[in-house]
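Trainee: As a plain string of letters, each chain reads:
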Amino acid sequence: MARILIIDDDPDIVDGLRLILESAHHEVVTKGDTANLLQEVARIDPDLVILDVIFPGDPQAGFKAARALARDPALRHIPVLMLSAVNTQSDLAFGFSERDISEDFMPVAAFLDKPVTPQALLAQVERLLRPAAR
Amino acid sequence: MKTWRQRFSLNPGTYHPYDDARRQRELTTRMRWFLMLRWLWVGAALAAAGLATTPWAPPGLDAHPLLGIGLWLALANALFTRLARPPLAPARARLLVVAQTLTDYAALAVATHVLGGIETPVLILYLTEIALATLLCHRATSLALALLGTAFALLPTVLEYLGLLAPVSIYGAPFNPGFVHDPRFLAFYLAGVSLGFLYFWYVIGEITASLRRHEDHLAQACDQLKTLDREKTRAMLHSAHELKSPLAAIMTQVYTLQGGYCGDLPPKAREVIGRIGARAEALMAKVLDIIHLSNLRTLVQPEADMAPLDLAALLRQEVAAARELAGHRGIRLVFEAGGQGPTLVCASKRHLHTLFANLLRNAVNYSRDGGRVEVTLEVHHDRATVKVRDQGIGIAPEHLESIFEEHFRAPEAVLQDPQGTGLGLPMVKEIARMHHAVLRVQSRPGEGTTFSVTLHRAPASS
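If you read the sequences in order, they're chains A and B.
Taking our numbering, the leading residue of the first sequence gets 1103, the next gets one more, and so forth.
Taking our numbering, the leading residue of the second sequence gets 557, the next gets one more, and so forth.
These are computed hints drawn from the structure, not numbers from a lab.
Treat the hints with caution; some may be incorrect.
[As the list claims (entries may be wrong)] Straight-line Cα separation of at most 20 Å, SDA-like style, residue types lysine to any residue; simulated pairs:
1. Lys842(B) with Asp1215(A)
2. Lys1166(A) with Glu1129(A)
3. Lys842(B) with Thr1219(A)
4. Lys1133(A) with Pro802(B)
[What the hints assert, rightly or not] Pulled from the structure, derived: some chain B residues nowhere near chain A, Cβ distances all over 10 Å:
5. His620
6. Leu639
7. Thr697
8. Ile726
9. Val749
10. His797
11. Lys800
12. Ala805
13. Thr812
14. Val890
15. Arg917
16. Thr941
17. Arg996
18. Ser1008
19. Thr1010
Backbone N, C-alpha and C define an ideal beta-carbon position, used for all residues, glycine too.
Based on the provided sequences and hints, a complete structural model is requested.
Mentor: Here it is, written out as structure tokens:
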């Protein structure tokens, strides 16, 4: 069992993810925005963070949060699974995909495109919770 | 009311040719053409010099001045060709045009004299120079060159009238020796040639300016349309993303219900949830295709993704993936690659994956149960052609033109595969365009369809 923090502003997505993760006996904590991120993550002390990209008022809030976590020496060990409906390679749009994962641009452990099936989500979560994946 | 200056466009006002990159490219291209054209003149002068040494030449034709003209133009043209090497700044290019025109004038003045002055039609060649100067230079410069051309054209006749130059006739005797010493003739001749040249300059200048204005308007309209198209695509892309988020939330909820994460559901409720899930997945597929197609159309640097890849290996993967779709319907997929070893093409792997995955999905979806789909790879010189051939429902001839249009679905296709988005073939077309590939389709209703994609092969060393 692990403690998983879901940071997403969409309550329907959060509820769906919570049901799936709790069925796998994980403890789920949720947060609807990226305000006071570092303090909250330090307080909750999760084993894994599931992070959305676009938040109201800032389409890049998820990126910024991932970068802030990666820069913090006390929190950088926590794997981040980025989960978003935005997944495109257009030069016009704000787009990215798994191949864009990098220390500078998207410093996360993995990326999944919404909607994610319960099987794909659980497989990825289990992989990231294994010590070797960190 | 227009002023006389506006009416006759002697001062074209704000219109300045060659003030942008397009005009600069045009100037450079025409400059090269001007240089090539002069080599023809060199050849003509040397040929005329050669002819002058034969018994068939007119008795008054002297080979030496013609040889001199040929050599003078050859030397000058070699120098101009060297100076016109890129990069060529606009100011230097225009200066070169002026220098070339003056060089030609000098050669033509000598030619006019040695070929008989008023007897010869050499003066017509000045008109080609004036026309070229009008095409390549600003209006004021072209007027100055037209006036200088007039002066050069008339110089031999004036010098002959003044007795500073002996009249020459290639026919052995002057055509009408009295003409060149008659002041009335000289006055009419000078006025006629001057007015004729200036009239020619004016007409050519007006036509050129008018064509340039139309060209500029068309270029501007084209730019506006491109911008509008990009804005439209951008808006569509954002709308598609707006649709995708709530749809993802719906599907997440459906997955939790279907997966029993909310407890057991009665059979009827499971059936209804199943239908909701299927429709939501179809809608999501459509939204994803819209996003994918918009992405393909708005890629600014598609070449950034291009790298040599083994087409045969990619096709093997695609065929293996399509077999999973086809297996439960008893459809057999066969892949044949002509030749041995890798077939390298310079391409984007992910985009070619989309292209062939779409063609194979269509071939399977529109095949009859138990049918056969053949994928062949043929290599001819620098091209590689992939053919995807099915024995399915085929496409009616009247629909062949429309199958690459967005959202078009032929009635028989809708019956065979109701879930299709009508966006797969537009994506195929867009990816083929991006790779400069040739896309062809042949089909007979009821017998099957063959799509062929011909790509450029990458050099083996790359």
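Trainee: Checked against the structure, which of the hints given earlier come out wrong?
Mentor: 2, 10, 11, 12, 13
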